[in-house]
Every structure is written in structure tokens, then in C-alpha cells.
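Chains as they are written, first to last, in this note's numbering: chain A, 1 to 116; chain B, 1 to 118.
Keep in mind that the hints are not guaranteed to be accurate.
Unchecked claim - Distance ranges between label pairs, derived from CB positions: (1) B:Gln42 <-> A:Asp71: 25 to 31 Å; (2) B:Lys58 <-> A:Gly16: 47 to 53 Å; (3) A:Pro70 <-> B:Ser14: 48 to 54 Å; (4) A:Gln17 <-> B:Asn41: 20 to 26 Å; (5) A:Glu56 <-> B:Ser26: 18 to 24 Å; (6) B:Ala17 <-> A:Ile54: 29 to 35 Å; (7) A:Ile20 <-> B:Ala17: 28 to 34 Å; (8) A:Ile20 <-> B:Asn41: 20 to 26 Å; (9) B:Gln45 <-> A:Arg80: 27 to 33 Å; (10) B:Ser26 <-> A:Thr76: 47 to 53 Å; (11) A:Glu3 <-> B:Ala53: 21 to 27 Å; (12) A:Ser9 <-> B:Ser14: 30 to 36 Å.
Just so you know, the hints here were simulated from the structure itself, not pulled from any lab data.
Glycine included, each C-beta is placed from N, C-alpha and C at the ideal position.
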Amino acid sequence: EPEVTQTPSHQVTQMGQEVILRCVPISNHLYFYWYRQILGQKVEFLVSFYNNEISEKSEIFDDQFSVERPDGSNFTLKIRSTKLEDSAMYFCASSEEVGVRNQPQHFGDGTRLSIL
Amino acid sequence: AQSVTQLGSHVSVSEGALVLLRCNYSSSVPPYLFWYVQYPNQGLQLLLKYTSAATLVKGINGFEAEFKKSETSFHLTKPSAHMSDAAEYFCAVSPSPGVTGTASKLTFGTGTRLQVTL
Numbered sequence: 001e002p003e004v005t006q007t008p009s010h011q012v013t014q015m016g017q018e019v020i021l022r023c024v025p026i027s028n029h030l031y032f033y034w035y036r037q038i039l040g041q042k043v044e045f046l047v048s049f050y051n052n053e054i055s056e057k058s059e060i061f062d063d064q065f066s067v068e069r070p071d072g073s074n075f076t077l078k079i080r081s082t083k084l085e086d087s088a089m090y091f092c093a094s095s096e097e098v099g100v101r102n103q104p105q106h107f108g109d110g111t112r113l114s115i116l
Numbered sequence: 001a002q003s004v005t006q007l008g009s010h011v012s013v014s015e016g017a018l019v020l021l022r023c024n025y026s027s028s029v030p031p032y033l034f035w036y037v038q039y040p041n042q043g044l045q046l047l048l049k050y051t052s053a054a055t056l057v058k059g060i061n062g063f064e065a066e067f068k069k070s071e072t073s074f075h076l077t078k079p080s081a082h083m084s085d086a087a088e089y090f091c092a093v094s095p096s097p098g099v100t101g102t103a104s105k106l107t108f109g110t111g112t113r114l115q116v117t118l
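Whole structure, please, built from the sequences with the hints as guidance.
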């Protein structure tokens, strides 16, 4: 069964450094998402992406964050200048189509980001 | 704004006993509701979804959930717990989608950790 792939599984970065989290969504999916889960807290929506542009973003997704689909397969989340509070598990998700069929979102295994 | 509330951050059942994980939602528009499971060091796996068709939804691994509009609930049940069911379970809500091209974000509950004992 096709799956969402995220790399790396664990990223350790110094505060203030840039980090790029990578995701390969399921190949025929059109909608892409990033969520994060701070340790011990619930999963929070960050951003959704469709047709090469952001569809919606949360208040967490400030100017330090950006997303990109640089080619036909990858979907990346960049944090420009990391802060300690960015430490979390970041999940990528994708869905085939939104609309009357409302295909569910499929999640990757996540990237654990640790900011030192 | 939509939200879900999961009652009980930890639930412990004996193997073979009924599993009941509670979820109540709040939504001003017809919602779509989901249950996801997270095993240790893994991502979120979809268990089942409610999308305004049948109110009793069957999912994977013997789980099912019933949408009750009058109670704004979407509780997850399984008749007989198995050791392999031990995991964290998340209820999530999204707005029923409008036109194609509108991505629907998921809003998650705080999760319920299910422990299964012998």
C-alpha cells in the first residue's frame, strides 16, 4: 500500500539554524499538509497546500515557516531560524481529493525535530 | 470553529474486555469525523471515518464508531480488546468539504492512551 514518506526521522539542530523537513506524499494525491505535535500535546495543524500554493495556515505558521513543492514528488517544510519551542514531531499528510468523496488524510511516520 | 473533546487521557482495559473511547465534537457546520491510532514511534493511521453516510461506521482492526448528532458524539468501540490495541487514539474533525480545491484541515483531540492488561 502506498505511503507517505518523511525524512529524516530525527533531526537535531542548533537554535537559530535553518532546517528543512522533507516529505514524499502518495503519488496521486493532490492535497498536502503539515502538522506538528509537541511532546505530550495534541496534534496541531500548520498548513495545507494545493495547486502549488498555500490553502490555509494556522497562527503557528508564521514568517519563519515556509512550504514548497520543488518537484513532482517532494513537499518540504522549512523553518528559517529555529527556536527552542519548535522542538516537536512534525507530520506530513496527503489526501487524494477533497470534495464529495473527502478522501482521508494519510500521514507519514513523522520527523522528530530537536532544537538545542 | 470546530473542536473535539476526548474524555479520559488514559483508559485501561483487560484483554477481551470492551473498549470504549469517548469523543464529543463541536461544530457549527456538518462535520466529518475521524479516528486515528498512533503506535509508539509511528505516524497516525486512519481507523475509520464518518462522512455523513451511515451513522455506524466500521473501521480496521474490529473498531467501530457511531455518530450521534443529538449527543454530538463519535465514540470508538471494540467488543474485545487485544494486547496489540495498546496505542494512542485520536479523534479528529474537519468541516464537510465544499468545492474541490478547498483543503480541509483536521482538528485533533488531545488523545486517549489505551492500555490493555492481561
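**Request:** Look at the Cβ atoms of Ser9 (chain A) and Ser14 (chain B) and judge whether their distance stays inside 30 to 36 Å.
**Result:** holds (34 Å)
**Message:** Does the beta carbon distance between Lys58 (chain B) and Gly16 (chain A) stay inside 47 to 53 Å, or does it fall outside?
**Reply:** At 49 Å between Cβs, range holds.
**Request:** Please test the hint of 27 to 33 Å on the beta carbon pair from Gln45 (chain B) and Arg80 (chain A).
**Result:** Given about 32 Å between the Cβ atoms, the range holds.
**Prompt:** Does the Cβ-Cβ separation between Glu3 (chain A) and Ala53 (chain B) fall within 21 to 27 Å?
**Reply:** Since Glu3 (chain A) and Ala53 (chain B) have Cβ atoms about 26 Å apart, the given range 21 to 27 Å holds.
**Item:** Hint check for Ala17 (chain B) and Ile20 (chain A) - Cβ pair distance inside 28 to 34 Å
**Value:** Hint violated: Cβ distance 46 Å, outside 28 to 34 Å.
**Asked** Do the Cβ positions of Gln42 (chain B) and Asp71 (chain A) conform to the proposed distance bound of 25 to 31 Å?
**Response** holds (27 Å)
**Message:** 20 to 26 Å was suggested as the range; check whether the CB atoms of Gln17 (chain A) and Asn41 (chain B) agree with it.
**Reply:** Roughly 25 Å apart at Cβ, these two residues keep to the hinted range, so it holds.
**Asked** Per the hint of 47 to 53 Å, is the separation of the Cβ atoms of Ser26 (chain B) and Thr76 (chain A) within bounds?
**Response** The hinted range 47 to 53 Å is violated for Ser26 (chain B) and Thr76 (chain A), with Cβ atoms some 34 Å apart.
**Asked** Is the distance from the Cβ of Ala17 (chain B) to the Cβ of Ile54 (chain A) consistent with 29 to 35 Å?
**Response** Violated - the Cβ-Cβ distance for Ala17 (chain B) and Ile54 (chain A), about 46 Å, lies outside 29 to 35 Å.
**Prompt:** Using the C-beta atoms of Pro70 (chain A) and Ser14 (chain B), is the stated range 48 to 54 Å upheld?
**Reply:** holds (51 Å)
**Prompt:** How does the Cβ-Cβ distance of Ile20 (chain A) and Asn41 (chain B) compare with 20 to 26 Å: does it lie in that range?
**Reply:** Holds, since Ile20 (chain A) and Asn41 (chain B) (Cβ atoms, about 22 Å apart) stay within the stated range.
**Message:** Quick check on a hinted range of 18 to 24 Å for Glu56 (chain A) and Ser26 (chain B), using CB atoms only.
**Reply:** holds (19 Å)
Checked against the numbered hints listed earlier, the structure breaks hints 6, 7, 10; every other hint is satisfied.
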